[in-house]
Amino acid sequence: MTVITRFAPSPTGYLHVGGARTALFSWLYAKKTKGEFVLRIEDTDRERSSEASVQAILDGMSWLGLDHDRGPIFQTDRFDRYEQVIQQLLDEGKAYRCYHSQQELDDMREQQKAKGDNPRYDGSCRNLSAYPEDKPHVIRFKNPLDASVVIDDLIRGHIEISNTELDDLIIARTDGTPTYNFTVVVDDLDMGITHVIRGDDHINNTPKQINILHALNAPIPKYAHVPMILGDDGKRLSKRHGAVGVMQYRDDGYLPQALLNYLVRLGWSNGDREIFSVDEMIDLFSLEAINKTPSAFNTKKLNWLNQHYMKTLPASEVAVHLNWHLVEQGINATNNAKKSAVIEALIPLYAERTETLKQLASQIRFMFEDFKEFDVKAAKKHLKITAGEALSTLKVSFESLVDWNEASIQNAIDETMTKLDIGMGKIGMPLRVAITGSGQSPGMDILCALLGKEATLARLDKALSFIEQRKLQAEQR
RNA sequence: GUCCCCAUCGUCUAGAGGCCUAGGACUCUUGGUUUUCAUCCAAGCAACAGGGGUUCGACUCCCCUUGGGGACACCA
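The first sequence lines up with residues 0 to 476 when you count with numbering that gives the first Met the number 0.
For the record, the hints were derived by calculation from the structure and aren't laboratory data. Here a beta-carbon is modelled for each residue, glycine too, at the ideal position from N, C-alpha and C.
DEER-style ranges, computed between Cβ atoms:
1. R80 x Q54: 20 to 30 Å
2. N162 x Q101: 23 to 33 Å
3. W403 x T292: 52 to 62 Å
4. L144 x D58: 45 to 55 Å
5. Y98 x D278: 50 to 60 Å
6. K310 x D271: 14 to 24 Å
7. L144 x A217: 15 to 25 Å
8. Q101 x A217: 23 to 33 Å
9. E273 x N331: 36 to 46 Å
10. G451 x G422: 20 to 30 Å
11. A51 x L127: 37 to 47 Å
12. K310 x L471: 43 to 53 Å
Using the sequences and the hints given, assemble the complete structure.
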C-alpha cells in the first residue's frame with residue numbers, strides 16, 4: 000500500500016515554524032516510504048482565509064524545498080462533493096437538521112457551565128417529528144451515544160475517548176457550508192490519505208472524525224500527533240506569540256537547510272546525531288522516533304546550525320542565498336563573473352565570523368564599494384599617527400608588486416615589518432582598518448588580494464590622509 | 001468545570017529494568033591555537049518534578065500528587 004500523507008494548513012496567515020515542522024514530518028515520511036505528499040488548503044472559513052495567505056504558505060513551502068506531489072487542493076473547490084456526502088448522511092439517518100439559533104446554543108452552554116456541567120449540545124433536535132428544509136437550520140452529525148473511540152496513535156500509543164464526552168457536531172452551517180471536522184474527513188477519504196500527521200492540538204478532533212469515518216464505512220487512516228512547539232519562554236508558539244513566519248527566517252539570513260535541520264531535531268532524534276542533510280533525514284526518519292513532549296524553540300542553536308551550514312555547504316550553494324541578501328541590502332555585487340568569484344572566495348572566510356547571511360552580506364560590503372567612514376573605535380585605536388609610517392612604507396612596497404596575490408602581499412607585509420622592526424600588530428591592524436574600515440576581519444593578505452591592487456592602494460591613501468588630518472588636529476591643540 | 005496529552009541538565013535530546021558515577025548537542029565559564037575578530041581544540045558548570053508501589057534491582061513499569069500544554073465553536 001502506498002503511503003499518502005498531507006499537509007493541510009488553513010490560509011489565515013503565513014506559514015509559521017510549527018506548521019513548517021509538521022509539514023516537514025509529513026513530507027519526510029512520504030519521501031521515506033516513497034509515497035505521496037499532498038498539499039491541501041483548508042479554506043472553508045471564507046472570512047478568515049485570504050489569497051495572500053495561500054501565497055505565503057506556498058512561498059514558505061517552496062523556500063524550504065518541501066515540494067508536494069499533488070495539490071494544492073482547495074476545499075472551496077469541493078463544495079459539491081461535501082454537499083453530496085452530507086445528503087448521503089441525511090438520507091441514511093446519520094445526520095439531522097437542527098433548528099436552534101446560535102443564541103440559544105450560547106445560552107445552553109452558559110447554563111451548563113454555570114452548573115459545572117460539560118458545555119455541549121444536548122441533542123434535542125435528534126428526534127423531531129418533522130424536519131422542514133426551508134426553516135433556517137444547521138446539520139448535525141449523529142454521534143454514537145455510548146461506547147468509546149480508540150486511537151492507536153503512532154506517536155502516543157493507545158488513546159481512548161468515551162463517546163459520552165462528544166456531542167453531535169455541526170457538519171453544515173446555516174448557510175450550507177461544511178465545517179472543518181467534516182471536510183477533513185471527506186478529503187482524507189477521497190484523497191486516500193493513509194497517515195494523518197498533524198499537531199497534537201487535533202487529538203481531541205480525532206474521535207469525532209473517526210466516528211464520521213465509521214458512518215461512511217470508510218477505512219480509518221493511521222494517526223500520528225506531533226507535539227507543539229513552544230517559544231523561547233516556554234509558552235506555546237502561536238501566530239500571536241513569537242511564531243515567526245518561515246519567510247522571516249529567510250529575511251533574517253538563515254539557510255533553508257539550517258532551518259530544516261533545526262526543525263527536524265525539534266521533537267525527533269536519531270541517537271546523538273545533530274547534523275542531517277535532507278537526504279539523511281529522509282533516510283533515517285521514522286514516526287516512532289518522534290517525541291511526545293512539546294519542545295521550545297531556541298534561536299541560539301539555530302544560529303549555530305546556520306553557521307555550520309554557511310561553513311560547510313559548497314560556497315556556490317551558499318552564494319545563491321547570499322546574493323539575495325546582497326541585493327536586499329543594495330550591495331552591487333552581482334551580475335559579474337569576477338564578482339561572483341570574489342563572493343565565493345569570501346564566503347568561507349566570513350562564514351566563520353558571522354551567524355547569518357544577513358550579517359555576512361553587510362560585512363563584505365566594503366569589498367564592493369568604499370565605506371563612508373572608519374569605525375570610530377577601530378580608527379582611534381589603530382590609525383594613530385605612529386601608524387602612518389608603517390602604512391606609507393607598506394604602500395610603497397605594495398606599489399612595486401608585479402604579481403598581486405596572497406603570497407606576494409604577505410611577503411610585502413613581512414618585509415615591511417622587518418624593515419621597520421615592528422610586529423604584526425603594528426602593521427596588520429592599521430592595514431585592516433584602512434582596508435575594511437573595521438577592527439575585525441579575516442586575514443589581510445587574502446582580503447587585499449581579493450580587493451585588487453588599485454583599490455587597496457586607494458584605501459591606503461584614504462587612511463593616510465585620515466592620519467594626516469589627525470596629526471594636524473593634534474598640532475593645533 | 002469536564003475530557004485528552006505530556007514530564008531527563010537553562011534549551012534540544014540519548015536512555016526500551018541492571019551497560020547510568022545518567023551520555024551527546026546548543027548556551028555559558030575557563031584554558032590552548034591565532035596578526036584582530038572568529039573558527040578550531042581541550043576542560044568545566046548543569047537534569048531523571050514529588051510521593052507511593054512492582055521488582056533482587058528502577059530514569060526506565062503501575063498509581064497518586066504537582067506542574068505544563070491542548071480541546072470542549074455555525075474557527076481550522
